[in-house]
Amino acid sequence: MSVDTARPGATTGAAGIAASGRGGRGARVRWAGALLAAVALLALAPSYTGDYAQQVSFRIFEYAALGQAWNLLAGYGGMVSLGSAAFIGIGEYTTAELTNHGMPLVPGMLVSGLFAAAFATAVSPALFRLRGLYFTIGTLALAEALRLFMVNYNGLGGNIGIFLKSAAPTTAGLYWLSLGVAAAATGLVLLVLRTRLTISLRAVRDDEDVARQMGLVSFRTKLFAFTFAAFLMGVVGGLQAGKLSQIEPYGAFGLQWTVDIVTVVLIGGLATTGGPLIGAVFTVALAELLSGSPELHLAITGAIVIVVVRLAPQGLWGLLSRAGQWGRPGRARRRPDPEGAP
Amino acid sequence: MHLPGGHTLVTALVSGALLGGLFAVTALGLSLALGVMRLINLVHGELVILGAYLGYVLLSELGLDPLVGLLVVAPALALVAYPLHRGLLLPLVGKGQEAPLLTTFGLAVIGQNLFIQLFHADTRSLSRSYATAPIGLGGYEVPAIYAISFAVALVVVGSVHLLVQRTGVGREIRAASEDPGAAAVLGVDIGRVYARTYALGAACAGVGGVLVGLAFAFMPTTGTGYLLTGFAVVVLGGLGSVLGTLIGGIGLGVIESVGGAVFGDGYRDFIGLVVFLAFLALRPQGVLGRAER
Chain U
4 MSVDTARPGA TTGAAGIAAS GRGGRGARVR WAGALLAAVA LLALAPSYTG DYAQQVSFRI
64 FEYAALGQAW NLLAGYGGMV SLGSAAFIGI GEYTTAELTN HGMPLVPGML VSGLFAAAFA
124 TAVSPALFRL RGLYFTIGTL ALAEALRLFM VNYNGLGGNI GIFLKSAAPT TAGLYWLSLG
184 VAAAATGLVL LVLRTRLTIS LRAVRDDEDV ARQMGLVSFR TKLFAFTFAA FLMGVVGGLQ
244 AGKLSQIEPY GAFGLQWTVD IVTVVLIGGL ATTGGPLIGA VFTVALAELL SGSPELHLAI
304 TGAIVIVVVR LAPQGLWGLL SRAGQWGRPG RARRRPDPEG AP
Chain S
319 MHLPGGHTLV TALVSGALLG GLFAVTALGL SLALGVMRLI NLVHGELVIL GAYLGYVLLS
379 ELGLDPLVGL LVVAPALALV AYPLHRGLLL PLVGKGQEAP LLTTFGLAVI GQNLFIQLFH
439 ADTRSLSRSY ATAPIGLGGY EVPAIYAISF AVALVVVGSV HLLVQRTGVG REIRAASEDP
499 GAAAVLGVDI GRVYARTYAL GAACAGVGGV LVGLAFAFMP TTGTGYLLTG FAVVVLGGLG
559 SVLGTLIGGI GLGVIESVGG AVFGDGYRDF IGLVVFLAFL ALRPQGVLGR AER
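These protein sequence lines map, in sequence, to chains U and S. Going by the numbering used here, the first residue of the first sequence is number 4, and it counts up by one from there. Going by the numbering used here, the first residue of the second sequence is number 319, and it counts up by one from there.
Just chain U, same shape as in the assembly (with noise of 0.2 Å):
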């Protein structure tokens, strides 16, 4: 009996990277100025919307830049890591040690996601033994166990954590930090999406085997995607820790920080460019909008997943794209149809 870790439709995946190589430049260029004209369009924001408004924007560019990361690693990588608070954890405490030690906020969540990538690095050999579903666990089990570490470890605070010394930016400034990171985060993910990486990306998460048999290096390729996820992650880390003037293990290397992102993805469309955006900006709407009962918000949340798995593979990106003819027909073939089981 053996675990069918080919994924379903994976001749699509072919055709895929066909279209999205056909289209590169101009899709680029499109996106690249999209992009360029949304951040200048929200660095004004500030000047006409209060306090409020750039908190929630704050945590929906947080789970954008959070969201890409993860779209990455899963989406296109195949690697669907239960693992994400591990390394939002390892960026909050690093910041929190460096700002502690007089480095100023935006070095430090660079190095926080440096330090990141690095412990990503140093767990790899052991996770990419494990394929498919047991990657998945060994991530989930990777991450509970640094998060009971800390608790228990007394060196860095132990369950009481950092009390950050330095002073929390302003909120508008919070909102510009966190509007640059989410903004660098899609630029750097779509910039690696249109390398020749992400065809060896895509190749490994359709069938590994054939990939390595095909000269593609599968360990290189994931170890790139993973260290890359997990500096994002750091980033965000160092963002999040920015923003507090205390940070604990059980907050920092909460399993809701894991959860909330693959939610944010799921629903705004897996392996999707503009599926961790859109997912964003509908999960932490709808948590505003029912900011009165989280634990429905949350319910809702859950069930919202089920149908979106279910009905909507390629999630609210998908629906749009399709709705609006967003895309030429070779874009929405990229994803490998998950209805063409074998």
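Just so you know, these hints were derived from the structure itself, not from any lab. One or more hints might be untrue.
[Claimed, not checked] Not everything, but these chain U residues come out facing chain S in the computed CB check (under 8 Å):
no.	residue
1	32
2	34
3	133
4	136
5	140
6	143
7	145
8	155
9	159
10	302
11	304
12	312
13	313
14	314
Cβ atoms here follow ideal geometry from the backbone N, Cα and C, with glycine treated the same way.
The hints should help you fit chain S onto chain U, whose structure is shown.
Showing chain S alone in chain U's frame:
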């Protein structure tokens, strides 16, 4: 870190091995879902906690002793799980591994928040005087509930083993697990077998939940911990092996208990996870040997 004395160490060994029975019962359903239908059932922990809450309601509303309540909780969990599988998971069979995984992920999120809605975030337990009383086992004192849950575990694991190995239903389960395609050709209703297996696993999870409630405290989010313990047990004991679950449970119980005695009680779960991860990474064939060629 300190090295405990001989008596402490043996007590830790004994109580850990007994606690392993509880681990085995909470893991059995996970093992069945993984072994028979290749499903990572992320809502498994919530099924365990649902069992605990059901036991709690039976105790507080009807005054039903939790151990008697097992006879209600187990079928109730099966009745909840069967339609859940038929309605939500069965339509996804053959659509890759991610869709079912993510569906159970959504179910877990719903379950946890339903618990918070219904029971609030308070910590609860099924407090019975017989559970907390210590009993002596050859000079070593352990909480009675450890011994009770070990006995329940022997009964549950033994019955499920016999069910799978000796009955017609079990033969269909084994056939569907070995080769669903061939089994379907030979007239096995794969959908029904899967849903039955899922319901059986949920019933075991419910029993495990009641034991958890008797032995420890629980709250709406406790399930995730038992999901991870469950994975550890399944990996240690061998995927899909019913009797292996008992061995894996005992193994994990001993590792955590002795680890806790050496490194401090806070590190129990951490040590369990580390050993689990090491086992997963160093002996993937222990898990993947059957799963992946």
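Evaluation of the provided hints:
Interface hint at residue 32 of chain U: violated, since its Cβ lies 33 Å from the closest Cβ of chain S, which is beyond the 8 Å cut-off. Interface hint status for residue 34 of chain U: violated, as the beta-carbon distance to the closest one in chain S is roughly 26 Å, over 8 Å. Evaluation of the residue 133 of chain U hint against chain S yields a held restraint, the C-beta minimum of about 6 Å falling below 8 Å. Using the Cβ-Cβ criterion of 8 Å, the hint placing residue 136 of chain U at the interface with chain S is satisfied: the shortest such distance is roughly 5 Å.
At a threshold of 8 Å, the smallest CB-CB gap from residue 140 of chain U to chain S is about 5 Å, leaving the interface hint in force. At a threshold of 8 Å, the smallest CB-CB gap from residue 143 of chain U to chain S is about 7 Å, leaving the interface hint in force. This hint holds: residue 145 of chain U has a C-beta 6 Å from the nearest C-beta of chain S, less than the 8 Å allowed. This hint holds: residue 155 of chain U has a C-beta 4 Å from the nearest C-beta of chain S, less than the 8 Å allowed.
Checking residue 159 of chain U against chain S by beta carbon gives a least distance of about 15 Å; that is not within 8 Å, so the hint is violated. For residue 302 of chain U, the suggested interface contact is upheld, since its CB lies about 4 Å from the closest CB of chain S, less than 8 Å. About 6 Å separates the beta-carbon of residue 304 of chain U from the nearest beta-carbon of chain S, less than 8 Å, and the hint is met. Taken as an interface hint, residue 312 of chain U checks out: its beta carbon lies about 5 Å from the nearest beta carbon of chain S, inside 8 Å.
With a cut of 8 Å, the hint placing residue 313 of chain U at the interface with chain S holds, because the nearest CB-to-CB distance is about 7 Å. Contact between residue 314 of chain U and chain S, as hinted, is not supported at the beta carbon level, the nearest pair being about 10 Å apart and thus beyond 8 Å.
The earlier numbered hints that this structure contradicts are 1, 2, 9, 14.
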